[in-house]
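Engineer: Residue numbers (numbering that gives the first Met the number 0), protein chains in the order written: chain A, 0 to 403; chain B, 0 to 403; chain C, 0 to 146; chain D, 0 to 146.
Bear in mind the hints are in silico, worked out from the structure with no lab data behind them.
Misleading hints may appear alongside valid ones.
[To be verified] Pairs of lysine to aspartate or glutamate residues, derived as EDC-like cross-links and limited to a Cα-Cα distance of at most 20 angstroms, are as follows:
no. : chain 1 : residue 1 : chain 2 : residue 2
1   : B       : K398      : C       : D5
2   : A       : K396      : D       : D2
3   : C       : K117      : A       : E66
4   : B       : K63       : D       : D2
5   : A       : K398      : D       : E91
6   : A       : K396      : D       : E91
7   : B       : K18       : C       : D83
8   : B       : K104      : A       : E66
9   : B       : K396      : C       : D2
10  : D       : K117      : B       : E258
11  : A       : K398      : D       : D5
12  : A       : K18       : D       : D2
13  : D       : K80       : D       : E91
14  : B       : K396      : C       : D5
The primary structure of each chain is shown beneath.
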Amino acid sequence: MLKNIRNDFPLLSSTNRAKPLVYLDSAATTQKPRQVIDAVSSFYESNNANVHRGIYQLSEQATKSYENVRKSVADFIGTADPRSIIFTSGTTESINLVAYAWGRKNLKPRDEILITEMEHHSNIVPWQLTTRETGANLRYIPILKNGTLDLSDPEKYFTKKTKLVSIIHQSNVFGTINPVKQIIDYAKSVGAITIVDAAQSVPHANINVEELGCDFLAFSGHKMLAPTGIGVLYGKTKILEEMIPFLGGGEMISSVSMESATWNEIPYKFEAGTPKIAQVIGLGAAIEYLNKIGMDDVQKHGQDLLKYALISLSNIPELTIYGDSTNRGAVISFNVDNVHPHDLAQFLDQDGIAVRAGHHCAQPIMTKLGLSSTTRASFYLYNTKKEIDALCESIVKTKNIFSI
Amino acid sequence: MLKNIRNDFPLLSSTNRAKPLVYLDSAATTQKPRQVIDAVSSFYESNNANVHRGIYQLSEQATKSYENVRKSVADFIGTADPRSIIFTSGTTESINLVAYAWGRKNLKPRDEILITEMEHHSNIVPWQLTTRETGANLRYIPILKNGTLDLSDPEKYFTKKTKLVSIIHQSNVFGTINPVKQIIDYAKSVGAITIVDAAQSVPHANINVEELGCDFLAFSGHKMLAPTGIGVLYGKTKILEEMIPFLGGGEMISSVSMESATWNEIPYKFEAGTPKIAQVIGLGAAIEYLNKIGMDDVQKHGQDLLKYALISLSNIPELTIYGDSTNRGAVISFNVDNVHPHDLAQFLDQDGIAVRAGHHCAQPIMTKLGLSSTTRASFYLYNTKKEIDALCESIVKTKNIFSI
Amino acid sequence: MDDFRDLYQQVILDHNQNPRHFHSMDNATHEADGHNPLCGDQIKVYLFVEDNLIKDISFEGSGCAISKASSSLMTTTLIGKTTDEATKLFEEYQTLITTGKGDTKTLGKLAVMSGVHKFPARVKCAILSWHTLKNALNNKNETAITE
Amino acid sequence: MDDFRDLYQQVILDHNQNPRHFHSMDNATHEADGHNPLCGDQIKVYLFVEDNLIKDISFEGSGCAISKASSSLMTTTLIGKTTDEATKLFEEYQTLITTGKGDTKTLGKLAVMSGVHKFPARVKCAILSWHTLKNALNNKNETAITE
Ligand SMILES: Cc1ncc(COP(=O)(O)O)c(C=O)c1O
Ligand SMILES: Cc1ncc(COP(=O)(O)O)c(C=O)c1O
Ligand code: FES
Ligand code: FES
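Please put together the full structure from these sequences, using the hints given.
Structural biologist: Structure follows, in structure tokens:
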């Protein structure tokens, strides 16, 4: 399945330390297909102009391409209204936007923000900063040993005080896919606003915001074949309309006098300054590429690799895999006894294999599990079982060196 | 002078409405040379990886390239310390960063923020938002009829209450280059923090932050041959170190627990999330390109075109040029009697000529001058006198059609 | 080139030079302000309505040729029409300038504006006076802003 | 490949397996914590100093082979040295691991760490214990963070 795909990715045929590259760090950032790279180049070569205000053909074309991507994004995540799509620089900015423009305005002392213990720093730190400004409290849904959420006692966490619930859809450490629909329903039952950090889920599966029912959803282009520097915040139009602006500047205003300003309609109210035009075009090309393959096949390929890798890695003695949720994505965190993850990664690197070692920007959960770091391999549509074999082989080799 | 440069810019040999393109809208965004387009592509083709935390060669290389650009930027604006360079998504984000992370923390009711009447919206709206949060007041240094600042009575504006002074270096409407050094000295004499909006100056001349003595300086890559979606905030390290963070997330932390977080050292404290890696690489290539030509020659070329255009346009009867500062950049705003700027732009477009019509994101000054819009032609290193001739010819043609 | 000629037809240039009913109105029964944020242009539309019949209509303000001609044509078209007819025409007209399609019989002289749809940046110019009209008829005090 | 062999020399693997002075110290005169934010590893360095002479030194905590070997080598090198000598060595060592250059005579066994400079992501691993040592000597209570 997913045949001939690797040829679309120029970097995959390059080397790492003079060995053929085995790229297993797509959860950090994915490689880019020819189609995306070319879309960006060809924008600069034949369509580059500022958007929205130019009375010349070049600018009209650029505007049209830019706004068409907004429609594809809306379509891609299952909403009919492109006005609910805000272009940001990434998941991090998307979440911060909500924290500043919704959180700081609407949260009061003793209100509660509810997240989970398995969040990425980008869904923790913005809320810690928000609590400082507003006096609200930050609470955590705990996790179980197996890397899933402990939802046994929802009344304890979802209360009248809960005003905002922000959850990671798929853990970038364990791969756990959280029951966000259920969590959103709990949140709604207490009247809280909901945010889904979909940085790891949108690249890998069909996500439908209308089905999820979330108020906001955030993700990054660079984790789904698109350029760096581009992200998305989906927001329900009614909420976006009521929100105060975040960044001030051009594009986001309707009119400005010396005394005050009025805001542009959504989504422009939240897109201050010259947009990330070429990056948006690149995101459009990435979505087109994914749509062509079909997200069902993308997901299936990920699941196939995941299963294969879980079995292969389990066969290595003295290797511990963290998390064993039944519903999980193509990401595996593990450690090998007596080999520090950073040493392991360094040895794998020597064999051309790129994996990640560290806390994966999720220190609270690492601390809770008594770990300071793990090694993480993550797979995407261009990876193969042969690459997983190479990974296992290199792990075994390294383990042997360290246990002499 | 500046020979053979046009061949570096693929888009300049394209067409607009089936006529050879005459691109006179570089103040909005510039075209990109082959060298920049290729630097971005080749990053994706052979070096794409996430930075700073990867224990594999690809990531190490990407990190090195990324950090080397920080050094080139520091060098380009005359500071020795790369830690004072923060990558943002553009001038707008740069200014908002200071407004949020310095302004909201340090400004108190009745403190004064001082800007000028000729600011771009991106240096007005963030301060209007800041005054709402802090109770500080926003004051404006007025401008004279000729499009220069009225600095005849500095004591009136620079007072003990003045805590922050933010000034546009070169007006994107009149081209006026403001005496920022003098203004910074006034600001220092009352102990105020200073910001220079250098979006229009850094692309066109040698700018040296140490000479200017400003505390902050903001500019955008896309106005200086670099990709969209990348900008810079320069800040004095001492001030940056004392500032609270802006966006929260990965990269900007040193450690995170469930209760709180500690911040990474500068500049990383202000670069939350996966960086705009490819865009930074592109910015590096743009700076290399500009350095190769030499900023003195870039400036001279702009001044030559400006002088030529001022003379040529003045020869057209019923054409009014706005602003006549003696110290000015390669940007001209004008109107033609009885032809609305948007109609004029539409007619020029028909002849392949791309100019801008509108309020140029500077409504307050337009209102003060009793204008709702102007036509603006702006020049960069790839423009020629022949293009200015084409502009004038097309203006005269249009004027005649409208005056029948 | 033909697209362009369609946009700036002689009728439009003429209405721009000599806009009809381009003045304020003292005895207006309805009035509203309009603002195009893209360019900063402002207009004001005045109506004199009796028994749901538009007996008089005028406008003033700044604007480009497309906006002025559109306003001017609106005034000449609507005088003598009922407010219901005006509302219906608004919809027909909106379709015309965004798609280029419409029934020339119903639209009458307004049909000359069909070229606008090829120039998306100018659609707001062509619709501004109509949005303002609608606000005036609905007695809305807020400034109409083209969407 | 040679770069890599330099990084993981047998000596380093050996010190990783059997770190010297890898324990806490009850009668320490100085101690400090260290933290490498890149990986989250934490260490603690203990010193027993009398008359500016480092009479004993030990460490504990988590870390990679580079960090463990570096700490272990630091302990074996510094016992018997004055605090001034330690400070000077710190500087020599810092140069070594960032540039690969240094006087092998002064550095002694520390010279095996020279391979680190080819792996910038690991420089912090090699310097962590030394930063922590410095803080301990300066009686700084804050956690040393590798820069
Ligand atoms: C003087 C000035 N300041 C700020 C900006 C805003 O820059 P950006 O839109 O790239 O954020 C611009 C350009 O639009 C400008 O000309
Ligand atoms: C689950 C999750 N959330 C948020 C982020 C942050 O995304 P970005 O760094 O693109 O802003 C990441 C990736 O780093 C992630 O894995
Ligand atoms: S340009 Fe202002 S209404 Fe047409
Ligand atoms: S990886 Fe943590 S100290 Fe080396």
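Engineer: Run every hint past the structure and note whether it holds.
Structural biologist: Hint check:
no.	hint	result
1	K398/B - D5/C	holds, 19 angstroms
2	K396/A - D2/D	holds, 19 angstroms
3	K117/C - E66/A	holds, 16 angstroms
4	K63/B - D2/D	holds, 18 angstroms
5	K398/A - E91/D	violated, 33 angstroms
6	K396/A - E91/D	violated, 35 angstroms
7	K18/B - D83/C	violated, 46 angstroms
8	K104/B - E66/A	violated, 37 angstroms
9	K396/B - D2/C	holds, 18 angstroms
10	K117/D - E258/B	violated, 37 angstroms
11	K398/A - D5/D	holds, 19 angstroms
12	K18/A - D2/D	holds, 15 angstroms
13	K80/D - E91/D	holds, 15 angstroms
14	K396/B - D5/C	holds, 18 angstroms
The structure shown violates the earlier hints numbered 5, 6, 7, 8 and 10.
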